[in-house]
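Q: Chains as they are written, first to last, in my numbering: chain A, 1 to 294; chain B, 1 to 286; chain C, 1 to 277.
Note that these hints are calculated values from the structure, not bench results.
No residue lacks a Cβ here, since even glycine has one placed at the ideal position from N, Cα and C.
Among the clues, some could well be false.
[As the list claims (entries may be wrong)] Calculated lysine to aspartate or glutamate pairs in the EDC-like style (CA-CA distance at most 16 Å, straight line):
1) C:Lys-105 <-> C:Glu-247
2) C:Lys-133 <-> C:Asp-174
3) C:Lys-171 <-> C:Asp-134
4) C:Lys-253 <-> C:Asp-29
5) C:Lys-235 <-> C:Glu-63
6) C:Lys-235 <-> C:Asp-220
7) B:Lys-185 <-> B:Asp-165
8) C:Lys-35 <-> C:Glu-63
9) C:Lys-254 <-> C:Asp-29
10) C:Lys-129 <-> C:Glu-82
11) B:Lys-185 <-> A:Glu-7
12) A:Lys-58 <-> C:Asp-134
13) C:Lys-51 <-> A:Glu-7
14) A:Lys-134 <-> B:Glu-250
15) A:Lys-58 <-> A:Asp-48
16) C:Lys-170 <-> C:Asp-134
17) A:Lys-103 <-> B:Glu-10
18) C:Lys-51 <-> C:Glu-37
19) C:Lys-51 <-> A:Glu-63
20) A:Lys-134 <-> C:Glu-82
21) C:Lys-105 <-> C:Glu-82
[Unchecked claim] Counterexamples of contact, computed for chain C against chain B with all Cβ distances above 12 Å:
22) Met-59
23) Thr-212
24) Gly-250
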Amino acid sequence: MKTRILENFTVVFAWLAGLVLLSGVSLLLGYLFFKGHASLNLSLIFGDTPPLQALLLKQRVFEGLFPAVAGTFVLVVLSIAWAIPFGIATGIYLAEYAGPRVKRVLDALFDVLSGMPSIVIGLFGFSFAVFLHKHYSDRIGPCLLISSIALSFLVLPYIIRTTQAALEGIPLNIRLTALALGATRLQNIFLVLIPRSVSGIMSGIILAIGRCAEDTAVIMLTGAVASAGLPRSLFSQYEALPFFIYYISSQYADSEELMQGYGASIVLLFLCALLFVTAYGIRKGLSHFVFYRP
Amino acid sequence: MKKIGELVAERTFLLSALASSSITVAILAFMVFMGLPLMKQAGFYQLLVKPWAPYQGSFGIYPMIVGTGCISFLSLVVAFPLSLGCSFLIATIAPKPVSKGLRRLIELMTGIPTVIYGFVGIFLLVPYIRELFRSGSGLCVLTAALVLGIMITPTMTLFFCDSFDRIPRSYLTAAEALGASRTQKLLYVILPCAKKGMLNGVILALGRAVGDTLVALMLAGNSVRVPGSVLEPARTLTAHIALVIAADYESPEFRSIFACGVVLYLFTMMVTFLVRYLSFAEGRRD
Amino acid sequence: MRRITFIQPVLIVSILLAACLPAFSGSLDSFQGEKGELKISGGTAHIPVMKEAARRIMMANPEIQISIAGGGSGVGIKQVGEGLVDIGNSGRKATDEEIGRYQLKLFQWAIDGVGPVVNPENPVKALTKDQMKDIFAGKVNNWKMLGGEDREINIYTRDEASGTRAVFWKKGLDKGAITSFAHVVVSNGAMKSAIAQDPYGIGYVSVGHIDTTVAPVALDGVVPTIETVQDGAYKIARGLYSNTRGEPVGLTKKFIDFLYSPDGKKIIESKGFIPVR
Numbered sequence: 001m002k003t004r005i006l007e008n009f010t011v012v013f014a015w016l017a018g019l020v021l022l023s024g025v026s027l028l029l030g031y032l033f034f035k036g037h038a039s040l041n042l043s044l045i046f047g048d049t050p051p052l053q054a055l056l057l058k059q060r061v062f063e064g065l066f067p068a069v070a071g072t073f074v075l076v077v078l079s080i081a082w083a084i085p086f087g088i089a090t091g092i093y094l095a096e097y098a099g100p101r102v103k104r105v106l107d108a109l110f111d112v113l114s115g116m117p118s119i120v121i122g123l124f125g126f127s128f129a130v131f132l133h134k135h136y137s138d139r140i141g142p143c144l145l146i147s148s149i150a151l152s153f154l155v156l157p158y159i160i161r162t163t164q165a166a167l168e169g170i171p172l173n174i175r176l177t178a179l180a181l182g183a184t185r186l187q188n189i190f191l192v193l194i195p196r197s198v199s200g201i202m203s204g205i206i207l208a209i210g211r212c213a214e215d216t217a218v219i220m221l222t223g224a225v226a227s228a229g230l231p232r233s234l235f236s237q238y239e240a241l242p243f244f245i246y247y248i249s250s251q252y253a254d255s256e257e258l259m260q261g262y263g264a265s266i267v268l269l270f271l272c273a274l275l276f277v278t279a280y281g282i283r284k285g286l287s288h289f290v291f292y293r294p
Numbered sequence: 001m002k003k004i005g006e007l008v009a010e011r012t013f014l015l016s017a018l019a020s021s022s023i024t025v026a027i028l029a030f031m032v033f034m035g036l037p038l039m040k041q042a043g044f045y046q047l048l049v050k051p052w053a054p055y056q057g058s059f060g061i062y063p064m065i066v067g068t069g070c071i072s073f074l075s076l077v078v079a080f081p082l083s084l085g086c087s088f089l090i091a092t093i094a095p096k097p098v099s100k101g102l103r104r105l106i107e108l109m110t111g112i113p114t115v116i117y118g119f120v121g122i123f124l125l126v127p128y129i130r131e132l133f134r135s136g137s138g139l140c141v142l143t144a145a146l147v148l149g150i151m152i153t154p155t156m157t158l159f160f161c162d163s164f165d166r167i168p169r170s171y172l173t174a175a176e177a178l179g180a181s182r183t184q185k186l187l188y189v190i191l192p193c194a195k196k197g198m199l200n201g202v203i204l205a206l207g208r209a210v211g212d213t214l215v216a217l218m219l220a221g222n223s224v225r226v227p228g229s230v231l232e233p234a235r236t237l238t239a240h241i242a243l244v245i246a247a248d249y250e251s252p253e254f255r256s257i258f259a260c261g262v263v264l265y266l267f268t269m270m271v272t273f274l275v276r277y278l279s280f281a282e283g284r285r286d
Numbered sequence: 001m002r003r004i005t006f007i008q009p010v011l012i013v014s015i016l017l018a019a020c021l022p023a024f025s026g027s028l029d030s031f032q033g034e035k036g037e038l039k040i041s042g043g044t045a046h047i048p049v050m051k052e053a054a055r056r057i058m059m060a061n062p063e064i065q066i067s068i069a070g071g072g073s074g075v076g077i078k079q080v081g082e083g084l085v086d087i088g089n090s091g092r093k094a095t096d097e098e099i100g101r102y103q104l105k106l107f108q109w110a111i112d113g114v115g116p117v118v119n120p121e122n123p124v125k126a127l128t129k130d131q132m133k134d135i136f137a138g139k140v141n142n143w144k145m146l147g148g149e150d151r152e153i154n155i156y157t158r159d160e161a162s163g164t165r166a167v168f169w170k171k172g173l174d175k176g177a178i179t180s181f182a183h184v185v186v187s188n189g190a191m192k193s194a195i196a197q198d199p200y201g202i203g204y205v206s207v208g209h210i211d212t213t214v215a216p217v218a219l220d221g222v223v224p225t226i227e228t229v230q231d232g233a234y235k236i237a238r239g240l241y242s243n244t245r246g247e248p249v250g251l252t253k254k255f256i257d258f259l260y261s262p263d264g265k266k267i268i269e270s271k272g273f274i275p276v277r
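Go ahead and model the full structure; you've got the sequences and the hints to work with.
A: As structure tokens, this is what we get:
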């Protein structure tokens, strides 16, 4: 009898938990859309400037989100550009070359890196920038370059992990065919193994892009500012969407700015959802494995 | 004899692996190096147990450690039952299509940006909590923990589901053959087998909760006092870094955030090694 | 809303001037032919003025890029001293030690005050100085004790780098204690929106920032407004400074000159401050 109660209770409890989570998240999203849908139009992004003129960089945008969107875009491209070569090369090394002992040490180091709070990486980036400023060049301070490098540290483990997992998942018969036909190890990697794991690597990259676009803690320490316009060089400060949302949430001047904050949140949310669905489309069953490989 | 190209490639891979892994070491080295003057002067242990009162010359981070502890522990209290229930639903209780859809949805939820949780939290939850309890400002430990709890639930749920998935099929078939219902299978076969894997999930989710900056910074009120109740404001280590980063680079305030950095780093390391240890233990058992 | 409606005509006129009649754009003339980047950080009370000035300059001359960050007065002084930014703003006068260490040049371009504020719904709109000191020290912790609702007082303060905090603490609280229970926010803007959202909160903010979303609290019978600051009736006054390391040159100098120009003064006034001279 007692066990019956336990079983029934479990069922009720499970449905209840599912309901609470779903209603929590739909409340969150519903509220955002309910409040912010009115702000969704082209002038949210471009202000009073004609969109084409802004996109061609002919006119500056002052009222809209364009500088923040552009800042986030440039930031993501740069960080991913730093992270991809190192991430993939390291993934290849771990999967194909490393001996068991080396692998264990490196695995542990990357696990630590992937669990690192982003603010710690931001702090590292910031103090590194100050260090460079003092000892090398006056031009370097918190800036786009520093932010993108710090962000690439943050997402490096994602790319390493997905590359490694994709390569290790290739069955032995495929692994050996080319070798048996006389291919060198390197040829085997680049002509057989990598092409077969492209989808896995891509999903890792897309997740990394999502993480770069979303992260606030790193950039608020390393060079994102309230107002900057479009970034002009690697050494300039810049605006970014998540930082803009954070900034508006605490110091909106009037209801119009607040509406912009809602609009920016929806834009960012769509952006991340899009990236996530893309990654998902490329390869199923992902994500949390990349966060921390259990 | 190896071709020169092969050798160069291997070296390149090795070098990039070394470079990437050295980041982990470099971050710790930098934190310690920057924080050392203050840690030497005040003693690392002293920093951990003293209050934060810069005008009185005390730069301890004790209130932030307690704040971090309270908020993340409470968020686990919120997230654990939710994750447990959701993973039950996905594993056995819900019918197949529902469970599949739910899993997709929860995977998608892990992609919601943190700053959006904070943003909605400020305008939706804070006033609600303030009026519900008629005490304080609504910027408090409870608000931050609730939002953080919802935020880490998807991750935790997915870890639970994974550890359920790793249970050998044969166990389940055996239980079915004995006439166990779906719920019985869950309670008496899956759950006991997956305990260690679930512990992993909890620890990793705790790591995420401790490492999160934005939610606490936006919702916890950031006062520098050890919170006396869940309705009082508090400051986390991560928020402390974000708030003090702006101080003078030579000042002890600035140095003290590296002590926070070191504490967070050590915590991350602890989490990682604990999880690795547990995973190895689980691997051996199979 | 008030701000927007005020700015729009000014904006349209300035756009027209910038677009059609560059010769008549007056104070902005000096930026002709300049290009490059200007980094500004520090005092958060300054941000609205900085943003508007930067927007005008960037509109008149697309070759100029001006970035504006907050952080607080302490940050402004340190960052300009270290050479991380070109102009470091502060809402307090830099100390002699700071001036000496970094060879700072100070430019005070506005007078401002720091006033205690509460939510407009709060019936308590006047306090004595002693009452205020007790509130911030945590001794008076319920609005009922001051004639308001029976609710806890939520105290909001600023971080240690804040010049607003330094001024308020010195002149408003006579260097009295600020309880560690206080919520900490990072800018004048954040203080304003925090108080605007919390019906039981009290904080302090740059007088220029006070608008309809928050209610100023009369201190010993004097309401902090820009007029009472100007005629000296309200005592917690301060200057707004822009600091540079050494004599400013080039774009930095032109930017600071712009703040003192007639157009600059108009911006300063429109943002609620009193331009110097």
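Q: Confirm or reject the statement that Met-59 (chain C) sits farther than 12 Å, beta carbon to beta carbon, from all of chain B.
A: 30 Å, holds
Q: Tell me if the straight-line CA distance from Lys-134 (chain A) to Glu-250 (chain B) falls inside 16 Å.
A: 12 Å, holds
Q: Against chain B, does Gly-250 (chain C) keep a CB gap of more than 12 Å to every residue?
A: The claim stands: Gly-250 (chain C) keeps its Cβ more than 12 Å from every Cβ of chain B (closest is about 26 Å).
Q: If you draw a straight line from the CA of Lys-171 (chain C) to the CA of Asp-134 (chain C), is it 16 Å or shorter?
A: 15 Å, holds
Q: Are Lys-103 (chain A) and Glu-10 (chain B) close enough, with their CA atoms no more than 16 Å apart?
A: 15 Å, holds
Q: Against the 16 Å threshold, does the CA-CA distance of Lys-58 (chain A) and Asp-48 (chain A) hold or violate the hint?
A: 14 Å, holds
Q: Would the hint linking Lys-35 (chain C) and Glu-63 (chain C) be met if the CA-CA limit is 16 Å?
A: The hint holds at about 5 Å.
Q: Compare the distance between the alpha carbons of Lys-134 (chain A) and Glu-82 (chain C) with 16 Å, and conclude whether the hinted pair is satisfied.
A: 8 Å, holds
Q: Within a Cα-Cα threshold of 16 Å, do Lys-105 (chain C) and Glu-247 (chain C) meet the stated pairing?
A: 6 Å, holds
Q: Is Lys-51 (chain C) close enough to Glu-63 (chain A), meaning Cα to Cα at most 16 Å?
A: Since the Cα atoms of Lys-51 (chain C) and Glu-63 (chain A) sit roughly 11 Å apart, the hinted pair holds (cutoff 16 Å).
Q: Starting from Lys-133 (chain C), check that the Cα of Asp-174 (chain C) is at most 16 Å away, please.
A: Status holds; Cα separation ~8 Å.
Q: Taking 16 Å as the top limit, are the C-alpha atoms of Lys-51 (chain C) and Glu-37 (chain C) close enough?
A: 15 Å, holds
Checked against the numbered hints listed earlier, the structure breaks hints 5, 10, 12 and 13; every other hint is satisfied.
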